[in-house]
Each structure stands twice: as structure tokens, then as C-alpha cells.
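**Student:** The primary structure of each chain is shown beneath.
Number of protein chains: 2
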Amino acid sequence: MTQRLYLYDTTLRDGQQTQGVQFSADEKAEIAQMLDALGVDYIEGGWPGANPTDSDFFASAPATRAMMTAFGMTKRAGRSAQNDDVLAAVLDAGTGAVCLVGKTHPFHVHEALGISLQDNLENIRASVAHVVAAGREAIFDAEHFFDGYADDADYALSCLHAALDAGARWVVLCDTNGGTLPGQVGQITQQVIAAGVPGDRLGIHCHDDTGNAVACTLAAIDARARQIQGTLNGLGERCGNASLTTLIPTLLLKQPYASAFTTGLQGLAGLTRISRRLDEILNRAPSRAAPYAGTSAFAHKAGLHASAIVKNPATYEHIDPSLVGNERVIPMSNQAGQSNLRARLAEAGIIVSRDDPALPRILDLVKTREDAGYAYDGAQASFELLALTELGRMQHFFDVERYRVTIERRKNALGKRISVSEAVVVVQIGGQRMLSVSESIGPEGDDLGPVNALWRALAKDLGPYQAAISDMHLTDFRVRITGAGVEATTRVNIESADHQGRRWSTVGVSPNIVDASFEALVEAIRWKLIRDGIGAA
Amino acid sequence: MTQRLYLYDTTLRDGQQTQGVQFSADEKAEIAQMLDALGVDYIEGGWPGANPTDSDFFASAPATRAMMTAFGMTKRAGRSAQNDDVLAAVLDAGTGAVCLVGKTHPFHVHEALGISLQDNLENIRASVAHVVAAGREAIFDAEHFFDGYADDADYALSCLHAALDAGARWVVLCDTNGGTLPGQVGQITQQVIAAGVPGDRLGIHCHDDTGNAVACTLAAIDARARQIQGTLNGLGERCGNASLTTLIPTLLLKQPYASAFTTGLQGLAGLTRISRRLDEILNRAPSRAAPYAGTSAFAHKAGLHASAIVKNPATYEHIDPSLVGNERVIPMSNQAGQSNLRARLAEAGIIVSRDDPALPRILDLVKTREDAGYAYDGAQASFELLALTELGRMQHFFDVERYRVTIERRKNALGKRISVSEAVVVVQIGGQRMLSVSESIGPEGDDLGPVNALWRALAKDLGPYQAAISDMHLTDFRVRITGAGVEATTRVNIESADHQGRRWSTVGVSPNIVDASFEALVEAIRWKLIRDGIGAA
Chain V
1 MTQRLYLYDT TLRDGQQTQG VQFSADEKAE IAQMLDALGV DYIEGGWPGA
51 NPTDSDFFAS APATRAMMTA FGMTKRAGRS AQNDDVLAAV LDAGTGAVCL
101 VGKTHPFHVH EALGISLQDN LENIRASVAH VVAAGREAIF DAEHFFDGYA
151 DDADYALSCL HAALDAGARW VVLCDTNGGT LPGQVGQITQ QVIAAGVPGD
201 RLGIHCHDDT GNAVACTLAA IDARARQIQG TLNGLGERCG NASLTTLIPT
251 LLLKQPYASA FTTGLQGLAG LTRISRRLDE ILNRAPSRAA PYAGTSAFAH
301 KAGLHASAIV KNPATYEHID PSLVGNERVI PMSNQAGQSN LRARLAEAGI
351 IVSRDDPALP RILDLVKTRE DAGYAYDGAQ ASFELLALTE LGRMQHFFDV
401 ERYRVTIERR KNALGKRISV SEAVVVVQIG GQRMLSVSES IGPEGDDLGP
451 VNALWRALAK DLGPYQAAIS DMHLTDFRVR ITGAGVEATT RVNIESADHQ
501 GRRWSTVGVS PNIVDASFEA LVEAIRWKLI RDGIGAA
Chain H
1 MTQRLYLYDT TLRDGQQTQG VQFSADEKAE IAQMLDALGV DYIEGGWPGA
51 NPTDSDFFAS APATRAMMTA FGMTKRAGRS AQNDDVLAAV LDAGTGAVCL
101 VGKTHPFHVH EALGISLQDN LENIRASVAH VVAAGREAIF DAEHFFDGYA
151 DDADYALSCL HAALDAGARW VVLCDTNGGT LPGQVGQITQ QVIAAGVPGD
201 RLGIHCHDDT GNAVACTLAA IDARARQIQG TLNGLGERCG NASLTTLIPT
251 LLLKQPYASA FTTGLQGLAG LTRISRRLDE ILNRAPSRAA PYAGTSAFAH
301 KAGLHASAIV KNPATYEHID PSLVGNERVI PMSNQAGQSN LRARLAEAGI
351 IVSRDDPALP RILDLVKTRE DAGYAYDGAQ ASFELLALTE LGRMQHFFDV
401 ERYRVTIERR KNALGKRISV SEAVVVVQIG GQRMLSVSES IGPEGDDLGP
451 VNALWRALAK DLGPYQAAIS DMHLTDFRVR ITGAGVEATT RVNIESADHQ
501 GRRWSTVGVS PNIVDASFEA LVEAIRWKLI RDGIGAA
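Chains V and H, in that order, give the protein sequences. Take 1 as the starting number for the first sequence in full-length UniProt numbering and just add one per residue. Take 1 as the starting number for the second sequence in full-length UniProt numbering and just add one per residue.
These are computed hints drawn from the structure, not numbers from a lab. If you're wondering where the values come from, they're calculated on a predicted model, not measured in any experiment. Any given hint could be a false lead.
Pairs involving identical chains hold if they fit within one copy or between any two copies, as the list cannot separate such chains.
What the hints assert, rightly or not - Derived SDA-like pairs (lysine to any residue); straight-line CA-CA distance at most 20 Å:
hint, residue 1, residue 2
1, Lys301, Thr53
2, Lys367, Asp56
3, Lys301, His396
4, Lys301, Ser24
5, Lys311, Leu113
6, Lys367, Ala50
7, Lys311, Arg344
Generate coordinates for the entire structure from the input sequences, incorporating the hints supplied.
**Tutor:** Following this line, the structure appears as C-alpha cells:
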């Protein structure tokens, strides 16, 4: 008989505790929509009232099928739940569910709160009852539960019962400090259920401080807990939370879980895409080694493995990578590579016959350039230009003879620091030389920098092509450093758009960030000229 | 009664299967020495004969207390062990131990080898016997053991017995494809021991394809396996191997392991340093979220956590970070309160009284600047400089009067495209003007770009401070565009290091990417001067 398992995502709350992560309200909204498409049951959006971003997010949170949940803490001692302004702000967010964290470990009740154990129990009871009375679903996060249980099992259990008796839908065992090992999590979860807490009202919340967040979560499920908390890509304080990106495919694809449970999940094919999109929002390179969604998760480098994989992928793969929207990576060109390539070109309107000798050359060139730092997955326009060139179908529009950019910072006559960027670009078009110069002054008189100056100089006078590029503008500019140190290589992605509603992405790579940007700018213009059907002058 | 647990490191062999990792023989020697200092029992150095680097490494391998081990595979069918040239090359390395991988799963015997099950058993027996006859310790890696056991337990067990009967010191259960979950690993390991394989001759080798490599290893130890295989920082094919950097502190610090076992380990204080040194060799930024050794492993960002940590670190830390040579980090972010702020300053040696009127000013300034695009939780050195300035404790080292950077791309006399970046920096130090100019030419004559040129010009002549910055270098450079389009604001993070082993992070923000970089560079130098106790000239 299958049972229902509930997934509770806290990327937007605990995930935001990751060092270096600060979501904007818009980014939170986008992530909430991705989570909803994935099919999690609860989306914990943040702590309303704790900071302006979280309040802004809840004020205009997207409509979701998943239960939107506001996070907060149990009321403080010495006031009623009704008069606790922190709790009031959480309820004011108007979410269907409210999750309140509270103490369950006597050490913390004394050390952090400085109140009696009895007062803490009353805080839990009154806070949960207040949430329930407001018509919301109440969830109680039992902070430091495993440490507390080891220290004083009776008290830790009494905290859970206080919340349940007050009407909490779920009580969640939190291994807040992340130091509990899977065996202990399993044992204690069993004992909690044996002590009268129903498994279908019991959740688990683990951290990865011993590298066991996923295993601890599975151990709690094995012990019959039925709500699991985690984050996309395992974001979270310190070493992170249990990764839902890892847990979800295990639960759907692996036994005994796949047969034992039903969930609200909508399938796995988008999993890798969601994982990568989150990295893009965070401007992080995708994790190579992440289970299931990592860029190397199905990369077969060992010679013995790679040759066996060609015979039968099951020899060295625990699952088919396409199940999670990921791809096999084998350091060799093969038939599958060529048919993928033809399909990708056909999507761009570039028809190539099956036996065209340019196909293996294009595959090799893509591989060589990706080794050098390029990434064509996020730069379809540059990929098309590369293919057209190898196919001998690329038009020759213009040559850049040279450019020069100067960035100067100094104090002006009033002693104020100013900076100025100036670009000179010399372009040859059909034997004619066009010399353009531009500064990069923004709307408020500030210097917008060398890439802006270069774009303005390039777009100022392209002679016969000027009309075609006049409706084109740059909509996004991303920089990634590959390698380490100031001597690392820079990859620049530029996204462009035109008035016909097209958007396209180009890439440039160089140790010199300005040069990489310039390459991507020039490719953006070339692609636009091709798509507009402009003939070379 | 304590039992002996053996640690077997395969960083130099399986770790080298990591996508993008290729050790030189010298790097292998350095890593072997680090492993020996850590106190592992076995160092698997590579596969002699499989590639020139591995052969070179064994030809001049460092003398180690640990047992140096050569890896190879069981002999092929149709020839004797004595006449197998692949096996001969492995023995020729002259190591004290030899580890041979062989098939134990009928599917692989048929699919990959194309031989009979009986021939495969004979290959295992004869190969192990040959190693033992040569006076070496023999280890048998049972490839795909868990999948094989699930498919045909009797055959998988017969492979182990063939190796043991031929004299293998260890047989190692390998979850080659990484898809087996901890519960199954524990059960099957128990069954293997029940079938007559002694636990003190049984090893475990796990991969992280479901995020459970560490937990699976612990499950096998719980079932009484006594050799564990893994790699530093969890390097390895696909998602990596079980991380010894994570397992070692768990085994030494956590129960039941700490009391149950003795090991050859020489303590934990150097663990973080070894982990970071490996990243340096690989030219990777250290993992933030890695358990124990990650740069964020003891970072407390949530305001409630940070304020409790100030009262008592045990409130939110599962171990004392100094036990593994790591450090507590209390980053700044707009979630932080005053207690977080004072704690962070105290960690940096900046003592501020509770009622100092600068505290709210610093908090306000952090918020204002984070709204403008700064992010201080990834830039603690810049945060300290900001606080010192507000506290009136900042020394005035130097002024930048002006700088100018020129980036030029053109064709040289041979028609080849070249680019050159040149920076001029004018600095005032105690009334004296220092004018420096630098180009940015990399080791291969390529242009490393404007930020590199600026760094070289700045570091070329800082007069009285020159000695202090001479042991400083830049180790990471990250760029994030906030907002959209080419007119967006740029945030640059720079990480620096010195020969005293310090690492520090600074931030600069500007619409002009070069100007943002320059700001972060100058802050990096100022922080270094303060930490070195250099007085302002």
C-alpha cells in the first residue's frame, strides 16, 4: 500500500542563509514558480518582518498550487501570542501555512532564551494555537531536536506534544547543528513515533555538516516520518540543507521508495534545468559533482568505463541521465553527437545532410572551444555562427581592424572622483574604413564603463549595416571567471534583443575581460545581420 | 574493546578520474606526502603502465610510512598471470601492496569481458595468487559488487572467496556505479560477513551518485567492514568517491566510532590545510559547503544563530572548528543585528563596546551599501575596513590620485590579432607621489587584461609598504552583474592570499567593471597592511 510523502522546500528561507546568497524579491518569485512546477507540497518563502526583501516577496507572492508558508518563531515570553509583534508580522503575510521554530533542548531554553522549561512549553502551545485560531495550517520546527532528545528525551517529546495538542498539522525534527549521524536519526525518529507522535504528522529537517543530510533524511523516512524538508541544490547555512535536487530523484527512481510512496511531484525531466537556473540566478558555476544534476554526474572519463558505456550505458550508470534532464558526457565524438548536432542546427533553420564532412569538424571545434572556456549551451547565436563558418555558409560582413579603450579615474577640479571610459573602434567594410569614438556616460552622468563605451562606438557607424542594427539593444550581460586568480580566463555572455521581439545570446572568451566582451558584442551584431537577411556589402 | 580500522586513500587513482583533474608526477608526490602526514594506511598511487604520469610517479615515489599501493586489473583470459603484460607493469612498480579490480557481476562478465563466469573466477584466483607469490600484499576490488550481489549473490560471493582463498589480505566491496543506498549497503555487507568473509579482511568503496557515499561507508563499518576507501575532498569519477576529508573527522570525533576504533591517523588539526592545499594544486576555489573543511562550514549567517554563538559556540556548532583546523565565520549581511556585528568584529580582533554609537552607523552603512550592490558576507576584509573607518580606527596608508588603463586590440606586423593592456597608477604616500606603469602579459605572451595590469601597476611600487605586500597574491576573482543590460552595476569580489596562509576577500561595486575591480584591489592591499601591523607612513 502506497503512502503519501510530503515535500517541503525551504530554499527561499534556510537556503538564503547560505554564505554569499541574497535573493531579491523577484528572484524569490521566480524560484517559487520553479518549485511549484516541480510539484513540491510546501514553499517556505521567508520570514515576513525580518527583512524588507522577505516582506516584499510575500506582499506580491505568485499564486502557487503548493502551500505558501511563512516562517517565524514561537512567541517570546512575557507577552501573549496576540501581542507578539514578531508573530503578528508572520501572520500578516497571509499565507495558508505558518511554520514556527521553537526550542526543544533544555540547554538552549536556558542558554539562548533564559526562561523556564515550562514557559517554553507554554510559548509553543500558545503560538501554535494562535496560528490555528487564525485559520492557518500550523507547522512546528523542533529546533535542535536530536541534541535535545539525547540530553532530555522526555522534555524534547513534551515540546512535540505541546505543538500537536495545540493543533499543529506537522512537527518537524530538526538537526539544526547538523552533527547527528543517520543511525541516530533513524533510531530517535522510531522512538518518537513509539512515544505517540504519528508518523504522518512528523517531518525531518537535516543539515550536511557530516555529509549525511540526504542519508539522515532517508533514515527518518525509513522510520516512518512523512514530511521532508530540504532546499534546491542543497543551499543552506554552513554546509547546507538536505538537497531536494538529490532526494527527489532517489525517492522517485529508487526502491523501496519508488513503490512505497506517492508524492505531488510532477516528474523529473525538468530537474537539471531547475538546478542550473538556480545557479544562474546565484551567478555560480553549476556544481560538477552534484548527484543527478551535476555537469559531471554522468561523465565517464576512465577509458574502460567509456568504452563499456558505448556498448551498454547500464554498465556504468546507475540511472539513465535523461530521466533527470541531464546528459551523458563521454570525451569522444560519436553518432549520437552528430545526430544531436544536426537536430540543433535544424532548429535554427540550418539544414545539413547526414554525411556532411563538416559535422565531425563542428563537434571537434565545439569541444576544443569548450575546453578553452566557451560554453555554447547558453550561447545559441554564437554556436550558429561557428557552425555556419565551418559549413562555409558564413557571410563576411565587416572586419574589426583595431579598437582601443581607455578608462581613467581622477579627481576633477572640485576634488570629486570621476571616471571616464572612451572607446575607439576602426572597422573595415568592403574596403572602406569607419572610425568611431564614444564615451560611456550614463543618465546620471556616471561612467558606465568600457563595455558600454565599446558597444556605443561599434553601434555608432556600421555604414551599410547601420539601419539593421538600429533596433537592437543589449538586455543582459553576464561574466564568469573560469579557473582562478586574476590570470583566470573570462567568459562573457551577452543577450541582445530587437524590436521584432527576438532575443539571442552570444559568448566571448579571453583572459582580458574587455576583449571577451568585445567578441560577444561583435557576434551579437553578426547574428542580427544574418537573421535580418542583410547581404554582405 | 577497540578494533583497528584501516584507511585506504585513492585520491591519486580514482580521484584522478574527476573531470578536469590531471595530476603531474610531482603533484602526486606532494599529495602522497600530505596523506602520509595525515596517517592513512594505504596510498593508491595510480595504475603503473596505464599512462606515463603514473609510471613516473612510481619510479620516484616518496618514501612513506603508509603502504604504497599500485592499482591494476585482474589478468585477461587466454594467458597466464605470468604472461599478462598489463599485470606485469603493475608489479614492476615495486610497491608493497597491489590492488586489482575484477568483475563480480555476471552481466559485466558477459557484457564487458565476453568470457564465462568460470574463466572470470579463474582470472581472479590466478591474479591474486601471482601477486602473493611475488611477496606483495594483495587487495581485490570487487567491481559492481552490490549490483552483482542483487543479481546473483552466490556468484558475487564466489568471486570474493576466490580472491581470499588465493591469499588476498582484503576484498573490497565496490559500489562502482554509486547507485546503492546506505540501507542496502549495510544489509549486503552483513550478509557477506554472515557468508564467511571475515570483517577484518573486508573493505568498502563508495561513490556519491545519490549523495550517500559517506553514509554508505558508515553503514558498511556498522556492519563490521574494516577497511574504508575514499579520496581527499571527495574527488572521483562522476559525482566523486566517499570523501575521507569528511569521514576522518566523523570517525575520530563522533560516537560510536571514536570509542570503537583505533586508526593510524595522526590527528585532525591539519585537515583543513590539506583540503585547501589540494584545491590549490587543482587551481580550484575551496568548496564553501564541504563538511568540516569548507570555508562556510562554520559560517553563521542567521541573526539568531550569530547572537547565540556569541554567548556559547556550542549552541550552533556540532564541533569546535579548531579541531579540524578550520575557523568560525560570522559574515555580515543585511539580516544581521548588532550582536552579530560585534561578534564579527571581535572575531577580527576589533573589540567594540556594546553601547558604541558607531554600531548602528555601521549597520546602516552596510545596509545602504548592500542596497547599492555591495555584499559583505562574501567580503569580510572589506567589511572590516568599513567598520574601522566608522570607528575612527582606520589608518591612512595612501591615496590613489588617479589611474588610467588602456586596452588596445589590433593586428601586429604579421597580421596576427594581439591585444595589450597598460595601466598607469599614481599614488600619494605621505606627500610623495609614486607613478607606476605596467603591462599585463601572461606566461605565454597573451594579454591578461586590464585588472591584471592594474594589479601589477599597484603592486610595483608602494614605497614604504612594498615589503608588506610582496608576499601577497590574488587567488580568485568573481564578477556579478546586478541589474540588467550593459548599463547594469558590476560587483567584483577578489580573494587574496599571503605566504602566512591567510586568505581574505574584498568587494568593489561600480557600473564600470574596471573601476569596481580597482576598488577591490585597493581594499585587499589596505587589509593586508593592517593585518601585518604596518604603520601608516
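**Student:** If you check each hint against the structure, which ones fail?
**Tutor:** The structure conflicts with hint 3 only, although it agrees with all the remaining ones.
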